[in-house]
Amino acid sequence: MTGVALILAAMIPAGFIATYFWRAVAVVAVTRIDPESDVLLWVRAVSTALVAALVMRMIIAPSDVLATIATEHRFAAVAIGIGAFYATSRSTQIATFATVIALAVLHLVLG
Amino acid sequence: MQAMGQSVQSDNDRDLTGYDWTGMTGGIRAAFSLPGLVMVCSFMGFGALIHDVGFPLLAGVATIVLIWALPGQVLFVTMWQSGVALPLIAAAVSLTAVRLLPMTIGVLAQVRLKQASRVPEFLLGHFTAVTVWVLSLTSLHDVPAQRQLPWLVGLGTALMTTMMLVVPLGYYLADSLPPALAAAMVFFTPAFFIMSLLSGAIWRFDYAAIVLGCVLLPVARYFAPDFDLLIAGLGGGTLAFICLRPRRKGLLK
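So the sequences go chain by chain: A and B.
When the count follows this note's numbering, it moves up by one through the first sequence with no breaks and lands on 111 for the last residue.
When the count follows this note's numbering, it moves up by one through the second sequence with no breaks and lands on 1253 for the last residue.
No wet-lab data here; the hints were simulated from the structure.
Heads up, none of these hints are tricks.
With the Cβ distance kept under 10 Å, some of the chain A side facing chain B (calculated, not the full set): (1) Leu8; (2) Ile17; (3) Trp22; (4) Arg23; (5) Ala24; (6) Glu36; (7) Val43; (8) Leu50; (9) Met58; (10) Pro62; (11) Ala84; (12) Ala95; (13) Ile101.
Positions of the beta carbon are idealized from the N, C-alpha and C atoms, including for glycine.
Generate the whole structure from the sequences, applying the supplied hints.
Right under this line is the structure:
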């Protein structure tokens, strides 16, 4: 198998099924499940922590391109973005742009 | 408590027996919005990221159709490139996707018709991810009940098609842009993730899970690099839930 075919073969179980499973459970369960049951709240917490951990990993163990920007600038940009999130009464959109612009400015101004 | 999108609908509307698929056009138009633009930038960043880590473009585009949830896509790509065993990749991808369960239930409960075929619900389930969820909460007020599910399917289709064009763009731009700009582009992805988490946070344990996930990641990485995300996610989430389990409910619909 070529590289891409191998990845696609791996992506069906480890990507598609791993993801769609929960969507299918939701469709089946929507008529009877309570989204605020303890199990689902725990699941929500684990999933939230996992995505937060993923963000942290992208900051402290960056890919090659991202590594051209200093670690403290990556942290500072996120802090500025979170500030923008609350300053704009929780606008995800503005805060996302603010984070990226802050990163570029910090890098260009402070090197 | 009624969801925003249901406020103008009477209960009788929910008893209609079929969807009106002309509703798709409204959803397609809604893809061209500010949330859509943020998503475009994040997926350009994803394109730059897969270029950066050396993941094939074609397989990167396939993650859009097959996974359709950016955290899972980033996980799959980065873990695959670091040679992590497939069962561990599947476990991590699946754990980030658990967020889609309550999200999909919330979206479906808002737009499904009780007497209609359930097949379209499985289709909408596949399209449900954070941007579709956000727009379902903010844009469905004026859409008649029988058009709401098709509206979201149209939105999902338009967004998915757009992202399939945007990822190659980011992939090739990563090569030609100055490194600082390419880095800024890659950074759209984690920036969008963290802001989405904050925006979705309702209870104190949500915030605790965000903080604990961040704090535990470096620790877990030090002791068990292959399991860092799983440990930080399972450990941080479980700890947040045990310590701050919410008593006030009825906040999700």
